[in-house]
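**Student:** The lines below spell out each chain.
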Amino acid sequence: MRRLMFLIPLVLFLGLAGWFGVRLKQIDRGDTPDRLPSVMIDKPVPAFDLPPLVDGQPGVASTGLADGKVRLVNFWASWCAPCRSEHPILMRLAGQGVDIRGIDYKDKAADGQAILARDGNPYAAVARDESGRTAIDFGVYGVPETYVIDRQGRIRYRQVGPITPQDLQNRILPLINELSK
Amino acid sequence: MRRVLFTLVLAATLLSGPLARAVQPDEMLPDPAMEARARAISKDLRCLVCQNQSIDDSDAPLARDLRLLLRERLVKGDTDAQAVAFLTDRYGDYVLLRPPVKPATYLLWFGPFALLLAGGGLLLWRGRQGGKGRAEAVAPPLTAEEKAQVALLLRDEDEGKGRP
Numbered sequence: 032m033r034r035l036m037f038l039i040p041l042v043l044f045l046g047l048a049g050w051f052g053v054r055l056k057q058i059d060r061g062d063t064p065d066r067l068p069s070v071m072i073d074k075p076v077p078a079f080d081l082p083p084l085v086d087g088q089p090g091v092a093s094t095g096l097a098d099g100k101v102r103l104v105n106f107w108a109s110w111c112a113p114c115r116s117e118h119p120i121l122m123r124l125a126g127q128g129v130d131i132r133g134i135d136y137k138d139k140a141a142d143g144q145a146i147l148a149r150d151g152n153p154y155a156a157v158a159r160d161e162s163g164r165t166a167i168d169f170g171v172y173g174v175p176e177t178y179v180i181d182r183q184g185r186i187r188y189r190q191v192g193p194i195t196p197q198d199l200q201n202r203i204l205p206l207i208n209e210l211s212k
Numbered sequence: 005m006r007r008v009l010f011t012l013v014l015a016a017t018l019l020s021g022p023l024a025r026a027v028q029p030d031e032m033l034p035d036p037a038m039e040a041r042a043r044a045i046s047k048d049l050r051c052l053v054c055q056n057q058s059i060d061d062s063d064a065p066l067a068r069d070l071r072l073l074l075r076e077r078l079v080k081g082d083t084d085a086q087a088v089a090f091l092t093d094r095y096g097d098y099v100l101l102r103p104p105v106k107p108a109t110y111l112l113w114f115g116p117f118a119l120l121l122a123g124g125g126l127l128l129w130r131g132r133q134g135g136k137g138r139a140e141a142v143a144p145p146l147t148a149e150e151k152a153q154v155a156l157l158l159r160d161e162d163e164g165k166g167r168p
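Chains as they are written, first to last, in this note's numbering: chain A, 32 to 212; chain B, 5 to 168.
Check the hints yourself; a few may be wrong.
To be verified - Restraint ranges, calculated between C-beta atoms of paired labels, are given here:
1) A:Ala155 <-> B:Leu111: 44 to 52 Å
2) A:Met36 <-> B:Gly115: 48 to 56 Å
3) A:Gly99 <-> B:Asp84: 39 to 47 Å
4) B:Asp84 <-> A:Pro83: 33 to 41 Å
5) B:Tyr98 <-> A:Ala155: 28 to 36 Å
6) B:Thr109 <-> A:Arg149: 35 to 43 Å
Since the hints were made in silico from the structure, they are not lab data. No experiment lies behind these values; they were computed from the predicted model shown. Glycine residues also receive a C-beta, built at the ideal position from the N, C-alpha and C atoms.
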């Protein structure tokens, strides 16, 4: 018993080192400590009605998000560099028939329009949130952020930061498939 | 010379802190009492962008938006608790720089005291064990025969000094 006591520090060290190892792996996969869990999961989308980015086209409103279709709501901005790296993935998703609603966050309308004209528009509808208040209601703390909305208009998943191909394969596409059943 | 320079830099650093304010004059409320409430609340709210600064300290645009939102809520007649709840409904407890005491945070709040108690207990227990150990270590006095043996051994050693 006495002898085994000497092993306690070693065991503690190995446990700690093991935990550090696990966290390093998780951080490698993008699960960094600055990513906050959303308190909005499983709650209905907050009420909002935002004007369209392009005049004459439809905007985005909370009432249109509970019509039995699974959707993504993507917060983005023309000034946001990670949004540009995410853009091809959104284009691919839209090509596969996924309904993505865009919300241009605290942006100049002309800048947002110019980016979509240059890089392509993956959004079924795109609105502008000039004050950023709707984003705050969603709990957005940076762009891009993407929310998976189920048939009943509830938030089921939040992606903080750009969607990576891994996130798409491992989380978002399986969730969309499951919710669409 | 170096000392004077050091003192100057230190003084400048310490004095510039209170002068640097993230809160802009255009954000402030006309009612000083309400503004003071807003300041007090926002000192305890975390900026979600900087994550270790309060929204009162942070220059991030989101912090400014949250400061304005908070002031709007107060003007609309929210109590301090209601205004804070408005933000925790959206951002969770993480937005609070002072975590609430609830089952999920018991480890955080009481963990250090539990460790202190456990450490104290261990020390106490070890102290008792050690005391017993010492008591056993006090050997009975040497018998006359043993004393003679010791004397012999010591003498042997003295004589041996001359040997190579």
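**Student:** Hint says 35 to 43 Å; check whether the CB-CB distance for Thr109 of chain B and Arg149 of chain A agrees.
**Tutor:** This hint is violated: roughly 48 Å between Cβ atoms.
**Student:** Holds or violated: 44 to 52 Å for the Cβ distance of Ala155 of chain A and Leu111 of chain B?
**Tutor:** 45 Å, holds
**Student:** Please check whether Met36 of chain A and Gly115 of chain B have a Cβ separation lying inside 48 to 56 Å.
**Tutor:** 23 Å, violated
**Student:** Gly99 of chain A and Asp84 of chain B, beta-carbon distance inside 39 to 47 Å?
**Tutor:** 41 Å, holds
**Student:** Given the range 28 to 36 Å, decide if the beta-carbon distance of Tyr98 of chain B to Ala155 of chain A lies inside it.
**Tutor:** 32 Å, holds
**Student:** Take a look at whether the Cβ-Cβ distance between Asp84 of chain B and Pro83 of chain A falls inside 33 to 41 Å.
**Tutor:** 38 Å, holds
Comparing the model with each numbered hint stated earlier shows that hints 2, 6 do not hold.
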